[in-house]
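A.B. asks: Residues per chain, in single letters:
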Amino acid sequence: MDVDMRPILEVKNISKRYDDITVFENLNLQVKKGEVLVIVGPSGCGKSTLLRCLNALEPIQEGEIILDGEAIRPGSREVNKLREKVGMVFQSYDLFPHMTVLQNVMLAPIKVKKRDKKEVREEALALLDRVGLLSKKDQFPRQLSGGQKQRVAIVRALMMHPEVLLLDEITAALDPEMVQEVLEVVLSLAKEGRTMLIVTHEMQFARAVADRMIFIDGGHIVEEGTPEEFFEHPKTERLSSFLAKMRF
Amino acid sequence: MNFDVITSYIPLYTEAFFLTIRIGWTGIGLALFIGVFVAFAQHFRVPVLARIAGIYVELFRNTPLLCQLFFLYFGLPKIGITIPAETCGTLGLGLLGGSYMAEVFRSGLGSIPVTQEEGALALGLTRRQMFTYVVFPEALSLSVPGIVGNMIFLLKETSVFSAISLMDLMFTAKDLIGLYYNTTEALFLLVIFYIIMLLPVSVLGSILENKVKIRTYGA
Ligand SMILES: Nc1ncnc2c1ncn2[C@@H]1O[C@H](COP(=O)(O)OP(=O)(O)OP(=O)(O)O)[C@@H](O)[C@H]1O
Ligand SMILES: [Mg+2]
Numbered sequence: 001m002d003v004d005m006r007p008i009l010e011v012k013n014i015s016k017r018y019d020d021i022t023v024f025e026n027l028n029l030q031v032k033k034g035e036v037l038v039i040v041g042p043s044g045c046g047k048s049t050l051l052r053c054l055n056a057l058e059p060i061q062e063g064e065i066i067l068d069g070e071a072i073r074p075g076s077r078e079v080n081k082l083r084e085k086v087g088m089v090f091q092s093y094d095l096f097p098h099m100t101v102l103q104n105v106m107l108a109p110i111k112v113k114k115r116d117k118k119e120v121r122e123e124a125l126a127l128l129d130r131v132g133l134l135s136k137k138d139q140f141p142r143q144l145s146g147g148q149k150q151r152v153a154i155v156r157a158l159m160m161h162p163e164v165l166l167l168d169e170i171t172a173a174l175d176p177e178m179v180q181e182v183l184e185v186v187l188s189l190a191k192e193g194r195t196m197l198i199v200t201h202e203m204q205f206a207r208a209v210a211d212r213m214i215f216i217d218g219g220h221i222v223e224e225g226t227p228e229e230f231f232e233h234p235k236t237e238r239l240s241s242f243l244a245k246m247r248f
Numbered sequence: 001m002n003f004d005v006i007t008s009y010i011p012l013y014t015e016a017f018f019l020t021i022r023i024g025w026t027g028i029g030l031a032l033f034i035g036v037f038v039a040f041a042q043h044f045r046v047p048v049l050a051r052i053a054g055i056y057v058e059l060f061r062n063t064p065l066l067c068q069l070f071f072l073y074f075g076l077p078k079i080g081i082t083i084p085a086e087t088c089g090t091l092g093l094g095l096l097g098g099s100y101m102a103e104v105f106r107s108g109l110g111s112i113p114v115t116q117e118e119g120a121l122a123l124g125l126t127r128r129q130m131f132t133y134v135v136f137p138e139a140l141s142l143s144v145p146g147i148v149g150n151m152i153f154l155l156k157e158t159s160v161f162s163a164i165s166l167m168d169l170m171f172t173a174k175d176l177i178g179l180y181y182n183t184t185e186a187l188f189l190l191v192i193f194y195i196i197m198l199l200p201v202s203v204l205g206s207i208l209e210n211k212v213k214i215r216t217y218g219a
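Just so you know, the sequences run in chain order A and B.
Every letter in the first sequence is one number past the one before it in our numbering, and letter 142, counting from 1, is 142.
Every letter in the second sequence is one number past the one before it in our numbering, and letter 81, counting from 1, is 81.
None of these hints come from the bench; they were simulated from the model.
Among the hints, a few may not be true.
[Said to hold, decoys possible] Derived DSBU-like pairs: lysine-lysine, alpha-carbon spacing no greater than 35 Å straight-line:
(1) A:Lys-113 / A:Lys-81
(2) B:Lys-211 / A:Lys-111
(3) A:Lys-117 / B:Lys-211
(4) A:Lys-114 / B:Lys-211
(5) A:Lys-111 / B:Lys-213
(6) B:Lys-211 / A:Lys-113
[Claimed, not checked] Derived coverage of chain A by chain B (criterion: at least 3 residues anywhere in the stretch with Cβ under 8 Å from a Cβ of chain B; other residues may be distant):
(7) 85-95
(8) 154-167
Backbone N, C-alpha and C define an ideal beta-carbon position, used for all residues, glycine too.
I would like the entire structure built from these sequences, with the hints used as guidance.
C.D. replies: Structural data, given as structure tokens:
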């Protein structure tokens, strides 16, 4: 994992509110190129909201999000350009049901990046092969298992060559026997040096994949550290009790 | 049943059949066009247009086709607009069907989950691309059963055309019964020709429904 020093993603003092609910306030975060950051915290602490803000799916009320030197402002024209650089996979399989696997993964590179169809197809086939789904290329999402759908969703995001990949509890809706096949794909992406922000409740996996962990609670980053420090020597009571609850 | 009578009636019914089909399918085409347009106006909440669209849908869904045809055929000439009977039939069917089709498209568009939109946006698609490549095609797949149902409904509604003296199937049957009292034969042919007109639609419709089913949500 060649982690160089330049932050690819910088979150500066952001605050996010829904009407009267403050999800987080003055949150700061830096992610370096090639780093894998795992975000954990109790349900409702704002993990999904944070990732959604990073992809400009949610507006922020204060602060700045800087990706590769450019600020992300929801609603502005450059939002789409920035979204091209930030891939996201959600908990709910959001494959497009009316398209085959291959069409799903080829849509954005062709329509958004206007890349050559043949070249995109070749890349798509190679990536599908890598996640073990080449034989499913002409199937519709409905014909796939949950684990297969999530692997396709990962490929679909990768096809845009994102600088940063955001994964929000991508195994939370899966049957236990399918979790592993998806996590293995993510582990292999981490090994090849992808920059990723991962929200997960799978603590074993978090420990294996993370370069750095953060724990969010009550709208703040309560604790931050290497997986080793985080799991072996939690500094705060809140983190220890959270980890105890996760039966780790 | 007298088969000579039946044979002698067939040419008349065939002619009526083609007239009915011509008006029926032109009307359906018009209905689809109006339906999409109206559903878009409502879905995107286009100012003014969405309001008009809503009034249009309620007006035409809640009045019988017969009234609409009377209005077009007998009412409009009173204010100086005379439309040929066949055009009235097509227009009436298109306007009635448009209100039904609009509801189908609108509910289709409305039932695409927001996660689909976000999935598309997250890939860098613009809102327009999201609608063109994701939301609309998905809504269309969901709408197929409703569209097919409406097509069958509209083809059956052609049976009121005789009221504005269009020589459709129903008109032909009534006319022949009135002239020759061969009720059994006339009605028999009427049923046969309606089946010939509608059966292919429902068979092809079911095949299409099965085809698109795999393209909608579900496990
Ligand atoms: N659209 C919204 N409108 C109002 N409040 C919202 C909205 N979305 C999220 N929230 C609130 O923001 C807070 C953070 O939600 P979020 O989904 O980010 O939590 P989370 O950490 O991802 O939880 P989980 O682990 O259950 O997925 C919650 O209190 C939630 O109720
Ligand atoms: Mg969440």
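A.B. asks: Hint by hint, note whether the structure agrees.
C.D. replies: These are the hints, each one checked on the structure:
1. A:Lys-113 / A:Lys-81: Answer holds: Lys-113 of chain A to Lys-81 of chain A is near 10 Å, not above 35 Å.
2. B:Lys-211 / A:Lys-111: holds, 26 Å
3. A:Lys-117 / B:Lys-211: Given that 35 Å is the threshold and the Cα spacing comes to 26 Å, the pair holds.
4. A:Lys-114 / B:Lys-211: The hint holds at about 30 Å.
5. A:Lys-111 / B:Lys-213: Judged against 35 Å, a Cα distance of about 26 Å means the pair holds.
6. B:Lys-211 / A:Lys-113: holds, 31 Å
7. 85-95: holds (count 7)
8. 154-167: Satisfied; 3 residues make the cut.
Hint compliance for this structure: no hint is broken.
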